[in-house]
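There are 2 protein chains.
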Amino acid sequence: MAKDKAPRRPRAETPKGFRDYFGADVTERKAMLDAVAEVYHRYGFDPLETSAVETVEALGKFLPDVDRPNDGVFGWQDEDGDWLALRYDLTAPLARVAAQFRNDLPSPYRRYAMGPVWRNEKPGPGRFRQFYQCDADTVGAASVAADAEICAMLSDALEVVGIPRGDYIVRVNNRKVLNGVMEVAGVLDPSDPAKFESERGIVLRAIDKLDRLGEAGVRALLGAGRRDESGDFTKGAGLSDEQAEVVMGFMAAGRETGAATVARLRELVTGSALGAEGVQELETIAALLDAQGYGADRVVVDPSVVRGLGYYTGPVFEAELTFEILDDKGRKRQFGSVAGGGRYDDLVKRFTGQAVPATGVSIGVDRLLAALRAKGRAGQQAQGPVVVTVMDRDRMADYMAMVGELRRAGLRAELYLGNPKNFGNQLKYADARNSPVAVIQGSDEAVRGVVVLKDLVLGAKIAAGASLEEWKSRPAQVEVARGGLVAAVKDMLS
Amino acid sequence: MAKDKAPRRPRAETPKGFRDYFGADVTERKAMLDAVAEVYHRYGFDPLETSAVETVEALGKFLPDVDRPNDGVFGWQDEDGDWLALRYDLTAPLARVAAQFRNDLPSPYRRYAMGPVWRNEKPGPGRFRQFYQCDADTVGAASVAADAEICAMLSDALEVVGIPRGDYIVRVNNRKVLNGVMEVAGVLDPSDPAKFESERGIVLRAIDKLDRLGEAGVRALLGAGRRDESGDFTKGAGLSDEQAEVVMGFMAAGRETGAATVARLRELVTGSALGAEGVQELETIAALLDAQGYGADRVVVDPSVVRGLGYYTGPVFEAELTFEILDDKGRKRQFGSVAGGGRYDDLVKRFTGQAVPATGVSIGVDRLLAALRAKGRAGQQAQGPVVVTVMDRDRMADYMAMVGELRRAGLRAELYLGNPKNFGNQLKYADARNSPVAVIQGSDEAVRGVVVLKDLVLGAKIAAGASLEEWKSRPAQVEVARGGLVAAVKDMLS
Chain Y
1455 MAKDKAPRRP
1465 RAETPKGFRD
1475 YFGADVTERK
1485 AMLDAVAEVY
1495 HRYGFDPLET
1505 SAVETVEALG
1515 KFLPDVDRPN
1525 DGVFGWQDED
1535 GDWLALRYDL
1545 TAPLARVAAQ
1555 FRNDLPSPYR
1565 RYAMGPVWRN
1575 EKPGPGRFRQ
1585 FYQCDADTVG
1595 AASVAADAEI
1605 CAMLSDALEV
1615 VGIPRGDYIV
1625 RVNNRKVLNG
1635 VMEVAGVLDP
1645 SDPAKFESER
1655 GIVLRAIDKL
1665 DRLGEAGVRA
1675 LLGAGRRDES
1685 GDFTKGAGLS
1695 DEQAEVVMGF
1705 MAAGRETGAA
1715 TVARLRELVT
1725 GSALGAEGVQ
1735 ELETIAALLD
1745 AQGYGADRVV
1755 VDPSVVRGLG
1765 YYTGPVFEAE
1775 LTFEILDDKG
1785 RKRQFGSVAG
1795 GGRYDDLVKR
1805 FTGQAVPATG
1815 VSIGVDRLLA
1825 ALRAKGRAGQ
1835 QAQGPVVVTV
1845 MDRDRMADYM
1855 AMVGELRRAG
1865 LRAELYLGNP
1875 KNFGNQLKYA
1885 DARNSPVAVI
1895 QGSDEAVRGV
1905 VVLKDLVLGA
1915 KIAAGASLEE
1925 WKSRPAQVEV
1935 ARGGLVAAVK
1945 DMLS
Chain L
1455 MAKDKAPRRP
1465 RAETPKGFRD
1475 YFGADVTERK
1485 AMLDAVAEVY
1495 HRYGFDPLET
1505 SAVETVEALG
1515 KFLPDVDRPN
1525 DGVFGWQDED
1535 GDWLALRYDL
1545 TAPLARVAAQ
1555 FRNDLPSPYR
1565 RYAMGPVWRN
1575 EKPGPGRFRQ
1585 FYQCDADTVG
1595 AASVAADAEI
1605 CAMLSDALEV
1615 VGIPRGDYIV
1625 RVNNRKVLNG
1635 VMEVAGVLDP
1645 SDPAKFESER
1655 GIVLRAIDKL
1665 DRLGEAGVRA
1675 LLGAGRRDES
1685 GDFTKGAGLS
1695 DEQAEVVMGF
1705 MAAGRETGAA
1715 TVARLRELVT
1725 GSALGAEGVQ
1735 ELETIAALLD
1745 AQGYGADRVV
1755 VDPSVVRGLG
1765 YYTGPVFEAE
1775 LTFEILDDKG
1785 RKRQFGSVAG
1795 GGRYDDLVKR
1805 FTGQAVPATG
1815 VSIGVDRLLA
1825 ALRAKGRAGQ
1835 QAQGPVVVTV
1845 MDRDRMADYM
1855 AMVGELRRAG
1865 LRAELYLGNP
1875 KNFGNQLKYA
1885 DARNSPVAVI
1895 QGSDEAVRGV
1905 VVLKDLVLGA
1915 KIAAGASLEE
1925 WKSRPAQVEV
1935 ARGGLVAAVK
1945 DMLS
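Order-wise, the sequence lines are chains Y and L.
Take 1455 as the starting number for the first sequence in the working numbering and just add one per residue.
Take 1455 as the starting number for the second sequence in the working numbering and just add one per residue.
Hints are supplied without guarantee of correctness; some may be wrong.
Identical copies go unnamed one by one, so any copy, or any two together, can satisfy a pair.
Think about it this way: if two alpha-carbon atoms lie no more than 25 Å apart in a straight line, the pair counts; the simulated PhoX-like pairs of lysine-lysine are [to be verified]: (1) K1803 / K1783; (2) K1783 / K1663; (3) K1875 / K1803.
No lab work stands behind these hints: they were computed from the structure.
Produce the entire structure from the sequences given, and follow the hints as far as they go.
See the structure below:
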């Protein structure tokens, strides 16, 4: 029915998969990241803030043989024909920076970065196309001391934001050990790394599913294959029972102490030089952490940590929260992983041709924030501002003077700036703001040089059924001299 | 010469017009914005963080009659055919939020927002395509008390970040007064607002150029037109001398006191109802600020403030830094504007059809940071971390224990993680890190249970020619017991 000429009103909506963050959502995340940054700073890491936009070329996200960015990034072509895209993580920009500024940056270069990244993926419940990452990486350090440092720092960061010791564990493994096991099992030939690649892929995915499929399921995947309840068949790696035994033994290599686990792993990789190297690295990391007081209550060697299949080249680590929460169906389960990382030695090489050793960790910002809320360390409703109400619109200057005094005293305070005609609306506003105190001064009070303070916290309690005694002993409304406004508000807030 | 098959290495470069921020660039901006946020919080403003990506429709950036985003934004089409774009400011997303959540947000809604925005414009020296904005706005408050509050808050924010009173001034004007003057001058007909629109545009641009062109230049532009030194001719507004006199009088209406300026403005708009309303608003704002103690040393009524030609509908304000700096050519000039804003009552209407009054301010983050650096309030080289060097790579655990102790004592400390072979490189690294103290322990010192501390600050002074007395009284290198490491480092740092 609308006329052709009537311009259609734009929809007031975020694009699909994007969202807004209000008030405490912003401040709680900020407080958490500030605390993490403080730890990173103490460890000598410097902040780096790259721009949101990179060339697709630098991100390495071109479709093979096609002059168009790969799915997964938001990309567009600029006037000069260059393809640009929003960064999808904080590691690719770091690799670009490490290459671009290699002559200016200290080496090793410790940097942290916090900020949004963008993924052009199907959004889903709780899955957004923009989200925060919080990374710390050391570029240019080949020593596993750098990996150990990252594990210690991760442990400190978790405690600083409010995850108590005992409620988390940092698990460390090494991809070289895993490859050593593959070699022993006969699915990795060091002289021909490409051989058995698809088998190894199946083995890795099987290991990663131990939690979900149990031992029998994993054994099936290592062997001929597995048919699930729905009847779907997943092809197996085709390992013999003997070969599968080696892999299963690896997953079960965890022992009471790090030293015992390491000893068991050393047995398992006997005959593989790479595996021996990986075990040695794990042992060194454990020793270095021990020397700093990071014992098995905080960091453990755990052979079941696999992480990012193609990416890592040495130590890998993962921080898991071990306390239980209730899932959507009311069942208890462990909170699970909130951070992970490892050594990736080939990222800078893309740009310069020179291999640069690097290791780092990424904290899942939303996951960790959810954990803090689950632990009651965040998410409490914050107290709102004191609200100075407007009884007489000709005396705005008087009310503004009050709010100014309160602010100068360091109190969070607001003047009601809506239409003051309906006083009930002002109290509703104070309620919506979660205000603890409303300040009221009608003309009568003005003449008498007083103000009325309404204790909205107590008022809410009374409304919710506080006892008469409480009501009597502490009235929800007091009249004080105008000159005593700030002191009386402070008193009511305390 | 390269083989066809050799993949070309990606260039390690930011896209044109984008840049990286390292270390102090990040922390100084953050410290400044944290301080500003603290003030905004005290005033009852809540943080809002919208996503970087909006629909082009919500931004209102479609090319007329073309199904493609306008120049000025970075835009792309998603799989569903919707056009998305990076936000170009923080006001358009606020308008979208205010419309989308109008039933949930408190009304009035005070919010602040800080974050990057993107402009698809030609980059130039110091002009980037991604930069920070820092905005505070009140949506849903028709009262000019909201404008007065923003001016007071802006004043507080400038002082809190380190601009002393006397080094800045917040200037306030009102677009209604300007329109009243236009009416009196005969270039605005309230019954036909479209009439004389081009003339008014020329008048506004002329006023805005008073600083640069002087009175004679502006008069020329108000009249027949102006030929500049290069011979180029700019068409004038075609005002008669009498009409031009009214406009010139407006620009010269500033008086010693706000009251006198307001009185003069009232004379100038005699006969214009809109102008009288604007003068009344200015008077009210000045009175409200006065009641809170914001006198003419901080906020003044200034008829020369024009700002954003089409956008504002009532009060406009601008914060100017009044101290002098040297420009590129070594000439003294005032630092100039670092923040501005005003009332814009029609932004939400685009979405809902309902006019929603709004007013706000935007701080030029990079400008203000530059001002703080010019005043020596930022930009000093920060002290780097204590560096624990590695003399003996078999004793990494010992060194790591040292660095761990230092960190637990709250000191910023690093272990050297590069190749330790060349000790000179380690000291060069400490130097590049601006480290105040290097910790050294060779096998000899380890056996004797001591460590050597090298005072790199003093060392640098000696190298730069400190007196022999200073050198003697405070040796640049001390040996201390291993157990006294932390205390001795703290002592050296103090």
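Evaluation of the provided hints:
For the homomeric pair K1803 and K1783, neither the shortest alpha-carbon distance inside one copy (47 Å) nor that between copies (43 Å) is at most 25 Å. Proximity of K1783 and K1663 under a CA criterion of 25 Å is satisfied intra-copy only: 21 Å inside one chain copy versus 67 Å between copies. Taking the shortest alpha-carbon separations for K1875 and K1803, only the inter-copy value of 24 Å comes in at or below 25 Å, while the best intra-copy value is 68 Å.
The structure shown violates just one earlier hint, number 1.
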